[in-house]
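Asker: The primary structure of each chain is shown beneath.
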Amino acid sequence: MSELRWNPVLREWVAYATHRQNRTFLPPAEYCPLCPTKPGGFPTEVPRESYGIAVFENRFPSFTPDAPEPDAPDDPFQKVAAGRGVCEVVLYSSEHGSTLAGMTERHIGNLTRVWADRYRELAARDDVSYVYIFENKGEAVGVTLHHPHGQVYGYPFVPPVPKREIDGAREYLANNGSPLHADLLASEQRDGRRVVVAGEHFTAFVPFFARYPYEVHLYANRAVPNIAAFSEDEVRDFARTMKRLLSGYDALFGFSLPYIMAMHQSPTDGKNYDGLAHFHVEFYPPNRTENKLKYLAGSEAGAGAFIMDAAPEETAGRLRAAIESASGMGERR
Amino acid sequence: MPDEPFDTLDKETVEKEDGRYIVFYTFDDDSETDDQPEDDS
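Top to bottom, those sequences are chains A and B. Counting with my numbering, you get residues 51 to 383 for the letters of the first sequence. Counting with my numbering, you get residues 153 to 193 for the letters of the second sequence.
Read the hints as simulated data drawn from the structure, not as lab findings. Watch out, some of these pointers could steer you wrong.
[Stated by the list, open to error] Derived contacts from chain B toward chain A, CB cut-off under 8 Å, selection only:
id, residue
1, L161
2, Y173
3, V175
4, F179
[Unchecked claim] Think about it this way: if two alpha-carbon atoms lie no more than 30 Å apart in a straight line, the pair counts; the simulated DSBU-like pairs of lysine-lysine are:
id, chain 1, residue 1, chain 2, residue 2
5, A, K88, B, K163
6, A, K321, A, K213
7, A, K88, B, K168
8, A, K321, A, K129
Ideal placement from N, C-alpha and C gives every residue a C-beta, glycine not left out.
Build out the structure end to end from the sequences listed, making use of the hints.
Answerer: Okay, structure coming up:
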């Protein structure tokens, strides 16, 4: 089954991809399907003996370009649509034990150019309305393969969170005559207490309204709508800022910190998002301490209201110190 | 990498045996990868 079902109460699509139940789950390193295929070894997803960065169609996709048109029940409460779209896996490196934080700025810069290429390619498709680049890192956020990788979803609709951001930006622009994200960024920069990395072209901060203790939003200083519109200098500074932030995350508690990384940028449904879309990355690490996780429990999952037990000003201070400590240990290029 | 020129990005799309595509990206200098490989545990 690969279909979308409409929730008329929350006004959002839910994707059903039942074949994903059988996807590979935490295989031992010697049977990693994302490593290169070695001579005489078992065939992995990568039919080559080595690679730099590679992107392939997910074997267990949530959306597929050829999803069949589902039977539509004669019931207004059972609205369905084909689960059409694209799901790709982005292999950051052939080194099984590496992480994004451990890669060089040059490699992260090259990866950024690959992400930009995927954005351009999927944005050109008629069946893709939103290109979502993301990474789940660590078993705490549900990772099933440890090899360093991220994903790209080409959704056939603009998903709820980016849509709420765009709607919020549209209302703010109408009321204030200026762009929401640029004004929010300027406010964080003016305040400064929650800024953790201040780069030439990017700024990373724990937002005033963070929903996770060490949540970070990494904004382009310029109102660039998507990753494909970065200048060369912006690609370099993005890689530098990512490296500093992620190294700091790993220094925070002394282990490779799990997180969800979500890139928000302009939809690709053919509409005009000038003044509304502003490229940024949101990181949600689940750890609230070294050995305690924040769960989405009653208030968060059932009511949509996050309850925080740590002030962003305090967690930003700790994270900033960890970033400075990691930088002091030597940052390679 | 303040003022270094970008590596040339080459891209090759290959169809796998089951019909899915895989895109290989290569750069001038793919010798570098990671600073510090980590244990998988």
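Asker: Look at each hint and say if it fits the structure.
Answerer: Now the hints, each set against the structure:
Below 8 Å, beta-carbon pairs count as interface contacts, and B:L161 has one with chain A at about 6 Å; its hint therefore holds. The beta carbon of B:Y173 comes within 6 Å of a beta carbon in chain A, closer than 8 Å, and the hint placing it at the interface holds. A least Cβ separation of about 5 Å between B:V175 and chain A falls short of the 8 Å threshold, and the interface hint therefore holds. With 8 Å as the threshold, the beta carbon of B:F179 comes within range of chain A, its nearest partner Cβ sitting at about 5 Å, so the hint holds.
Restraint check for A:K88 and B:K163: satisfied, since their Cα atoms lie roughly 22 Å apart, inside the 30 Å limit. As the CA atoms of A:K321 and A:K213 are separated by approximately 13 Å, the hinted pair is consistent with the 30 Å bound. The straight-line distance between the Cα atoms of A:K88 and B:K168 is roughly 16 Å, inside the 30 Å bound, and the hint therefore holds. The suggested pairing of A:K321 with A:K129 holds, with an alpha-carbon distance near 25 Å, which does not exceed 30 Å.
Checked against the numbered hints listed earlier, the structure breaks none of them; every hint is satisfied.
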